[in-house]
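**Q** In case you want the letters, here they are:
Protein chains: 2
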Amino acid sequence: FLPFAKSALDGKSSFNAVHKKHTFKPKYQYNGKEVTKHFLQEILNILLSYINKSLNRNSKVLDFHHPHQLKEGLEGFSLELPDQPDNLEQLLVDCRDTLKYGVKTGHPRFFNQLSTGLDIVGLAGEWVTSTANTNMFTYEIAPVFILMEDIILKKMHSFVGWSEKEGDGIFCPGGTMSNLYSILLARYHFFPEVKTAGMRALPPLALFTSAHSHYSIKKSAAVLGIGSENVIVVKCDERGKMIPEELESSIRRAETKGLVPFYVNATAGTTVYGAFDPLNEIADICARCGLWMHVDVCTYLLTIFLHTLCHIEASSITWNPHKMMGVPLQCSAILVRKKGLLQECNQLCAEYLFQPDKHYDVSYDTGDKSIQCGRHVDVFKLWLMWKAKGSEGFESQINHCLENAEYLYHKLKSRTDFQLVFQSKPEHSNVCFWHLPSHVRNMPAGPERDRELHMVAPKIKAKMMEEGVTMIGYQPLQDKVNFFRCVFSNPATQREDVDFLLDEIVRLGREV
Amino acid sequence: FLPFAKSALDGKSSFNAVHKKHTFKPKYQYNGKEVTKHFLQEILNILLSYINKSLNRNSKVLDFHHPHQLKEGLEGFSLELPDQPDNLEQLLVDCRDTLKYGVKTGHPRFFNQLSTGLDIVGLAGEWVTSTANTNMFTYEIAPVFILMEDIILKKMHSFVGWSEKEGDGIFCPGGTMSNLYSILLARYHFFPEVKTAGMRALPPLALFTSAHSHYSIKKSAAVLGIGSENVIVVKCDERGKMIPEELESSIRRAETKGLVPFYVNATAGTTVYGAFDPLNEIADICARCGLWMHVDVCTYLLTIFLHTLCHIEASSITWNPHKMMGVPLQCSAILVRKKGLLQECNQLCAEYLFQPDKHYDVSYDTGDKSIQCGRHVDVFKLWLMWKAKGSEGFESQINHCLENAEYLYHKLKSRTDFQLVFQSKPEHSNVCFWHLPSHVRNMPAGPERDRELHMVAPKIKAKMMEEGVTMIGYQPLQDKVNFFRCVFSNPATQREDVDFLLDEIVRLGREV
Numbered sequence: 001f002l003p004f005a006k007s008a009l010d011g012k013s014s015f016n017a018v019h020k021k022h023t024f025k026p027k028y029q030y031n032g033k034e035v036t037k038h039f040l041q042e043i044l045n046i047l048l049s050y051i052n053k054s055l056n057r058n059s060k061v062l063d064f065h066h067p068h069q070l071k072e073g074l075e076g077f078s079l080e081l082p083d084q085p086d087n088l089e090q091l092l093v094d095c096r097d098t099l100k101y102g103v104k105t106g107h108p109r110f111f112n113q114l115s116t117g118l119d120i121v122g123l124a125g126e127w128v129t130s131t132a133n134t135n136m137f138t139y140e141i142a143p144v145f146i147l148m149e150d151i152i153l154k155k156m157h158s159f160v161g162w163s164e165k166e167g168d169g170i171f172c173p174g175g176t177m178s179n180l181y182s183i184l185l186a187r188y189h190f191f192p193e194v195k196t197a198g199m200r201a202l203p204p205l206a207l208f209t210s211a212h213s214h215y216s217i218k219k220s221a222a223v224l225g226i227g228s229e230n231v232i233v234v235k236c237d238e239r240g241k242m243i244p245e246e247l248e249s250s251i252r253r254a255e256t257k258g259l260v261p262f263y264v265n266a267t268a269g270t271t272v273y274g275a276f277d278p279l280n281e282i283a284d285i286c287a288r289c290g291l292w293m294h295v296d297v298c299t300y301l302l303t304i305f306l307h308t309l310c311h312i313e314a315s316s317i318t319w320n321p322h323k324m325m326g327v328p329l330q331c332s333a334i335l336v337r338k339k340g341l342l343q344e345c346n347q348l349c350a351e352y353l354f355q356p357d358k359h360y361d362v363s364y365d366t367g368d369k370s371i372q373c374g375r376h377v378d379v380f381k382l383w384l385m386w387k388a389k390g391s392e393g394f395e396s397q398i399n400h401c402l403e404n405a406e407y408l409y410h411k412l413k414s415r416t417d418f419q420l421v422f423q424s425k426p427e428h429s430n431v432c433f434w435h436l437p438s439h440v441r442n443m444p445a446g447p448e449r450d451r452e453l454h455m456v457a458p459k460i461k462a463k464m465m466e467e468g469v470t471m472i473g474y475q476p477l478q479d480k481v482n483f484f485r486c487v488f489s490n491p492a493t494q495r496e497d498v499d500f501l502l503d504e505i506v507r508l509g510r511e512v
Numbered sequence: 001f002l003p004f005a006k007s008a009l010d011g012k013s014s015f016n017a018v019h020k021k022h023t024f025k026p027k028y029q030y031n032g033k034e035v036t037k038h039f040l041q042e043i044l045n046i047l048l049s050y051i052n053k054s055l056n057r058n059s060k061v062l063d064f065h066h067p068h069q070l071k072e073g074l075e076g077f078s079l080e081l082p083d084q085p086d087n088l089e090q091l092l093v094d095c096r097d098t099l100k101y102g103v104k105t106g107h108p109r110f111f112n113q114l115s116t117g118l119d120i121v122g123l124a125g126e127w128v129t130s131t132a133n134t135n136m137f138t139y140e141i142a143p144v145f146i147l148m149e150d151i152i153l154k155k156m157h158s159f160v161g162w163s164e165k166e167g168d169g170i171f172c173p174g175g176t177m178s179n180l181y182s183i184l185l186a187r188y189h190f191f192p193e194v195k196t197a198g199m200r201a202l203p204p205l206a207l208f209t210s211a212h213s214h215y216s217i218k219k220s221a222a223v224l225g226i227g228s229e230n231v232i233v234v235k236c237d238e239r240g241k242m243i244p245e246e247l248e249s250s251i252r253r254a255e256t257k258g259l260v261p262f263y264v265n266a267t268a269g270t271t272v273y274g275a276f277d278p279l280n281e282i283a284d285i286c287a288r289c290g291l292w293m294h295v296d297v298c299t300y301l302l303t304i305f306l307h308t309l310c311h312i313e314a315s316s317i318t319w320n321p322h323k324m325m326g327v328p329l330q331c332s333a334i335l336v337r338k339k340g341l342l343q344e345c346n347q348l349c350a351e352y353l354f355q356p357d358k359h360y361d362v363s364y365d366t367g368d369k370s371i372q373c374g375r376h377v378d379v380f381k382l383w384l385m386w387k388a389k390g391s392e393g394f395e396s397q398i399n400h401c402l403e404n405a406e407y408l409y410h411k412l413k414s415r416t417d418f419q420l421v422f423q424s425k426p427e428h429s430n431v432c433f434w435h436l437p438s439h440v441r442n443m444p445a446g447p448e449r450d451r452e453l454h455m456v457a458p459k460i461k462a463k464m465m466e467e468g469v470t471m472i473g474y475q476p477l478q479d480k481v482n483f484f485r486c487v488f489s490n491p492a493t494q495r496e497d498v499d500f501l502l503d504e505i506v507r508l509g510r511e512v
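One line per chain: the protein sequences are A and B, in this order.
Here the first sequence is numbered in this note's numbering, starting from 1 and rising by one per residue.
Here the second sequence is numbered in this note's numbering, starting from 1 and rising by one per residue.
Incorrect hints may appear among the rest.
As the list makes no split between identical chains, a pair holds if one copy fits it or if it spans any two.
Calculated pairs, SDA-like style, for lysine to any residue (alpha carbon to alpha carbon, straight line, at most 25 Å) [stated by the list, open to error]:
1. Lys463 to Leu436
2. Lys338 to Glu80
3. Lys480 to Ser414
4. Lys358 to Val481
5. Lys33 to Arg96
6. Lys425 to Glu448
7. Lys257 to Pro192
8. Lys60 to Leu74
9. Lys154 to Glu75
10. Lys37 to Asn56
11. Lys411 to Asn442
12. Lys37 to Lys100
13. Lys154 to Val362
14. Lys60 to Tyr360
15. Lys53 to Phe500
16. Lys37 to Leu92
17. Lys155 to Lys338
18. Lys413 to Ser363
Since the hints were made in silico from the structure, they are not lab data.
Note that the coordinates shown come from a computational prediction; the quantities given were computed from them, not determined experimentally.
Using the sequences and the hints, build the whole thing.
**A** As structure tokens, then:
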């Protein structure tokens, strides 16, 4: 590729050069080497400057523009693809502009999503991964990464209390795919004929998840051909936790209707409330009814919580290191208790990729465990971060985030211009609240006040994005009108940032 | 995170520092900044040195070790995760070792897979992407990347000849997922009730793909609850192309059995032979029978070929820029002709993520089109490379690879110690051949010779990996015993590398 770099700098079509010359010219190669070095050094400088800006409280979280504005081209930043190649200097400008008009998810005042922060070691891990540019399907072409995945999965198994004789798993492109795997595996475990004969050979299935659980359970059921209406939504209490008695009666009702229950998803840290379903009670019900119990721990894993998990007979667990552990996107794993199931469920033994007569131990080839063929290397950044922090380091980082949540909770509790969506202390890093501008505060409770309150968060959010100094998400939930949800996962966030967020909401609330 | 970097350098647990101090100390922050800069500069130096080695013909493609050797730890390179955090200097050593014991997929003598090469601009794109660390689900947090995906997809639509009124698509984690999308969409298009009611509400379905097609079609059918045995495998000719008459009779036979045909996958560049199914004839059959036609163009897209595609009424197309276009892994897109179908098929309208009352045009939020929730940014590296090369640049790069394939074909044709698996010129960059060491060459055709020949490729490959100066894959296929498959996608590969590969095979063949 070296000649491309050179010719791109010259502003000429990169590949024609290679096309015409079938041998490398030493001089050309030398130039390419220097050009490559210069170009990547400039990229590093751009990234370092971006990292410093991301961490600087005086810099904006985002410089918002509407889609049509960005499409029209801002200050020479054109997204359109020209017919003629651009030179490397222009590409550097493009990279700078791409970052400039994006959102600084590593900024200490970005509270919009649970995957935030900018861990330097994790980042280095991603750069190394992309430079290695390989694929997870065989040991042959990814020996080190394959073994790292094996080691990390074993570490995770020991964390959730599985013995050496049990436990399998794989890294997936995101938590939704991990949850999809869990249903796929449960279905195959009870009905292995589904792999060849399909859903029509099976009785009508039913699976269960709480009203506050992630929508990925319904989405997966639709994809897998089970159908979203066969996902039975179990009622939650006011705090957003699944009610075990409701689960039991839902199971009975489904059976009465002729459905065959096979799977329950329990959530440990729901998306909006950060609520923990009562895992022990759900585990008992699953054991009694012979159902697969999946635990969706998308949001966090902490030692104290893990000690609980250890005593639960979960059949599978979704664990997303790209959330509370702060690993750069994407990094998600599905852990499966039953050994060999992943392979049996997904293998097709394509001989062109997985030759049985290779000279190494082919049990390390993971391609047949996956529903993908090529699979991105998501494990290295996590491995490197684990080396840098140790398990204790991750725990302290998460504790820091939970303390921020508690700090915000206490602040909100003491104020009359804010109202908590639920009164109890946060169990996780989520804090849900309404802001009550004076005109709302003075209204009597009722549908009129609700209508008014419903519009407060979107209006504040719109102004917030235009100004760009902080970012927080909002949503309605069941009978609750639009409220803010604050989540903490960035270790760079401090109490002063929490204070700043509330001040901003109040200030913007005055203008709406 | 800055304090982490500092404390990691001190060899202390990174996060305890943050945990104990709730405010940033300016001095500390300064130190962190310097440490970050130093650390990432060292990472860049390691990566530059790796890139130079990858391109140096005198360096090895791989330094092979068996799993147990790597697990035991080589020259101090330990994969195990310690309880105590390591310092940054150790992490740098680990990054160097990770690359050292990996496979240099960008080496000009790596012929093992179709995703090879090391494009510097694409690499820079990945580094920028990982530093931006965001998610493709909403315009809100990925405004620039969302628009780039939109622009690239439109560009792809115009390439395959779709008008402005048609055409949709999304980037997926790999070609198998793109193919899965195509079946999912076809099923929903004909039977929208499947989303809620599942496969049991549908008649028994059948889909069709050739014997030489990728195994992802069967895998997807298993995942989607259709069942792998409802994938009807259509016979190919000697060259690996689907026989249209066989497709027609397969469709008729399936109907006779009470199955409902709905989908045909045509492959443009099969995995092993690089064969092109007769797209026009298949399109005619699909039009006549009212079936969804998918074209799996995983391997390449070239202007001449695209001109053919333009006139085909394909309902969906899988396009993998991470193969012949040399984009770093992963980068794959599913293109869908019918507008709105992706959204209808996959949307669940989770309000916590996709608020309808946002202040910008929410039609740019792509999360509801996807079967994932979080989705990695795969588009930026492609966008940046397209800027650097222009469409012409990609075409020249691909032509160079095809010329290498033709060069290899002619070389093999003229020799008696090699035998081509099929006699016709390569249509794609795949060249399939047997090496005939003298003891095999002198044997009469028959099962005994086949048994002997079957062992040649694995034996040579084993030695090749031990020595590590080049890499090529092999496999059996139907009645053909193990043969080598050479694929070209790395523009750095020149004729001298092709010569080198054959010399190596002959040399190693003498020793087996």
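**Q** Failing hints, ascending?
**A** As far as the earlier hints go, 6, 18 are violated by this structure, in ascending order.
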